[in-house]
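Visitor: Between the sequences and the hints, there should be enough to build the whole structure, so can you do that?
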Amino acid sequence: TLGQLKALRDKPVNQQVLVESVVRRTAAKGIAGDWGAQATKIVRDEIFPALDRQTALVASLRRAATHDAGVWRLPKGDEYYADALSNATTTTLSPDEVHKLGLEQVAEISSQIDAILKGQGMTKGSVGDRLTALNADPRQLFANSDAGRAELIGYINKVIADFDKKLTQAFATLPKAKLEVKRVPPFIQDGAPNGYYNSAALDGSRGAIYYINLKDTADWPRYGLPSLTFHEGSPGHHLQISLAQEAPDVPMLRRRAPFGAYTEGWALYAEQLADEMGFYKKDPIGRAGFLQSFLFRAVRLVTDTGIHYKRWSREQATDYMVAATGFARPRTQREVDRYCVWPGQACSYKVGHMSWVRAREKAKAIQGAKFDLRQFHQILLEGAMPLTILEREVEARARG
Numbered sequence: 001t002l003g004q005l006k007a008l009r010d011k012p013v014n015q016q017v018l019v020e021s022v023v024r025r026t027a028a029k030g031i032a033g034d035w036g037a038q039a040t041k042i043v044r045d046e047i048f049p050a051l052d053r054q055t056a057l058v059a060s061l062r063r064a065a066t067h068d069a070g071v072w073r074l075p076k077g078d079e080y081y082a083d084a085l086s087n088a089t090t091t092t093l094s095p096d097e098v099h100k101l102g103l104e105q106v107a108e109i110s111s112q113i114d115a116i117l118k119g120q121g122m123t124k125g126s127v128g129d130r131l132t133a134l135n136a137d138p139r140q141l142f143a144n145s146d147a148g149r150a151e152l153i154g155y156i157n158k159v160i161a162d163f164d165k166k167l168t169q170a171f172a173t174l175p176k177a178k179l180e181v182k183r184v185p186p187f188i189q190d191g192a193p194n195g196y197y198n199s200a201a202l203d204g205s206r207g208a209i210y211y212i213n214l215k216d217t218a219d220w221p222r223y224g225l226p227s228l229t230f231h232e233g234s235p236g237h238h239l240q241i242s243l244a245q246e247a248p249d250v251p252m253l254r255r256r257a258p259f260g261a262y263t264e265g266w267a268l269y270a271e272q273l274a275d276e277m278g279f280y281k282k283d284p285i286g287r288a289g290f291l292q293s294f295l296f297r298a299v300r301l302v303t304d305t306g307i308h309y310k311r312w313s314r315e316q317a318t319d320y321m322v323a324a325t326g327f328a329r330p331r332t333q334r335e336v337d338r339y340c341v342w343p344g345q346a347c348s349y350k351v352g353h354m355s356w357v358r359a360r361e362k363a364k365a366i367q368g369a370k371f372d373l374r375q376f377h378q379i380l381l382e383g384a385m386p387l388t389i390l391e392r393e394v395e396a397r398a399r400g
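Numbered according to our numbering, the sequence shown spans residues 1 to 400.
I should point out that these hints are in silico values taken from the structure, not numbers from a laboratory.
The C-beta atom is built at its ideal place from N, Cα and C for all residues, glycine as well.
Don't take every hint at face value.
Claimed, not checked - Here are the in silico distance ranges between beta carbons for each label pair:
#, residue 1, residue 2, range
1, K370, R73, 13 to 23 Å
2, L174, E361, 23 to 33 Å
3, K6, A172, 44 to 54 Å
4, E97, E361, 41 to 51 Å
5, K370, R392, 14 to 24 Å
6, H67, G400, 56 to 66 Å
7, K118, K158, 28 to 38 Å
8, P138, K370, 44 to 54 Å
9, K364, R24, 51 to 61 Å
10, E20, E97, 41 to 51 Å
Guide: Below is the structure:
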């Protein structure tokens with residue numbers, strides 16, 4: 001955004017992250033040379049002028065922009081969106097089918113959350129209203145300070161350590177790569193996703209990183225953090241992507257294949273797996289957080305198709321998400337802005353999850369009492385693939 005560009009450009013050259021990083025790293029490694037001076041010259045003479053040109057371009061585009069949020073406004077926009085949706089989900093589902101699927105899932109998951117909240121004495125208002133109230137409960141919040149952020153990351157690390165002990169119950173092969181939890185760097189947090197995963201270096205020189213956006217700790221009430229952690233860490237992205245990268249007999253192309261519906265669907269399935277393995281057995285509010293995560297992904301089906309197919313405005317999409325999920329508005333606004341510029345991608349999660357569940361149920365039906373969950377999960381060693389191929393491969397493996 002123009003605000004982010006201005007903030008980056010206005011910072012003194014010696015405080016720019018590109019300069020600070022070079023100075024810090026060369027000093028840490030004891031590398032002699034005028035690296036700071038060289039970096040300063042590059043930033044001043046090349047990067048600053050480029051930022052000025054970019055700012056001018058964005059400002060000119062803004063003057064010509066409309067308030068319409070969806071790609072329907074573009075030439076052949078409906079065709080483009082149908083293609084984007086197919087590319088994101090690796091299925092042939094139409095925008096209308098995805099929208100209806102989302103509405104059905106929202107109703108079903110909301111019903112499950114409703115039952116849990118009523119069991120905890122929370123009976124007034126819609127599910128979204130009650131989740132909003134839960135988000136504001138001081139017992140669920142971390143202080144919005146450096147100490148609070150450190151406490152939040154410490155809590156995530158404890159969740160990881162506790163659940164890692166159970167992984168062998170469901171997985172015959174575990175990754176070698178280590179996982180580190182880090183805050184999204186503050187200088188990019190305004191435009192960064194709420195949470196994301198960076199895979200380990202292929203040569204093993206660097207472990208994987210699970211980034212969480214801590215611009216405002218109120219975005220992350222305690223009860224929702226385990227599910228996010230299972231999604232980004234193990235048994236989610238970290239386990240799946242690391243196993244694919246470390247698979248010895250799979251070509252590099254397949255080890256790194258970016259099939260989002262497979263990867264995001266697996267991460268959502270991993271959240272479900274943690275629930276099935278008893279993580280929330282004594283924590284009903286935590287289980288509500290898990291279901292809220294599922295609700296969030298179902299709401300995405302409705303919102304993405306709403307923006308790009310049903311011609312919803314940015315405000316309408318944000319209002320719907322806040323009302324349905326109970327998430328804080330600033331966090332939700334960042335999500336909606338992402339959907340506006342990345343049509344279809346938000347639908348890959350729930351569509352992919354349903355494909356993984358369908359594949360597992362098919363394998364169970366074929367193998368009966370011989371079904372082995374640990375062996376079913378060995379399919380991860382084949383690398384990511386389109387969902388239609390995944391279901392076919394799982395069935396072939398089940399039949400032997």
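Visitor: All the hints need checking, so say for each whether the structure fits it.
Guide: A quick look at each hint next to the structure:
Checked against the hint of 13 to 23 Å, the C-beta distance between K370 and R73 comes to roughly 54 Å, which is inconsistent with it. Checked against the given bound of 23 to 33 Å, the beta carbons of L174 and E361, roughly 25 Å apart, stay inside it. For K6 and A172, the Cβ-Cβ distance of about 52 Å falls inside the hinted range of 44 to 54 Å, so the restraint holds. Checked against the hint of 41 to 51 Å, the C-beta distance between E97 and E361 comes to roughly 21 Å, which is inconsistent with it.
Checking the proposed 14 to 24 Å range against K370 and R392 shows it holds: the Cβ atoms sit about 20 Å from each other. For the pair H67 and G400, the supplied restraint of 56 to 66 Å holds, since their beta-carbon distance comes to about 57 Å. Between K118 and K158, the C-beta spacing of about 29 Å keeps the proposed range 28 to 38 Å intact. Checking the proposed 44 to 54 Å range against P138 and K370 shows it holds: the Cβ atoms sit about 50 Å from each other.
For K364 and R24, the hinted distance range of 51 to 61 Å is satisfied, since their beta carbons lie about 53 Å from each other. At about 49 Å, the beta-carbon gap between E20 and E97 stays in the expected band of 41 to 51 Å.
In summary, the structure is inconsistent with hints 1 and 4 from the numbered list given earlier, while agreeing with the others.
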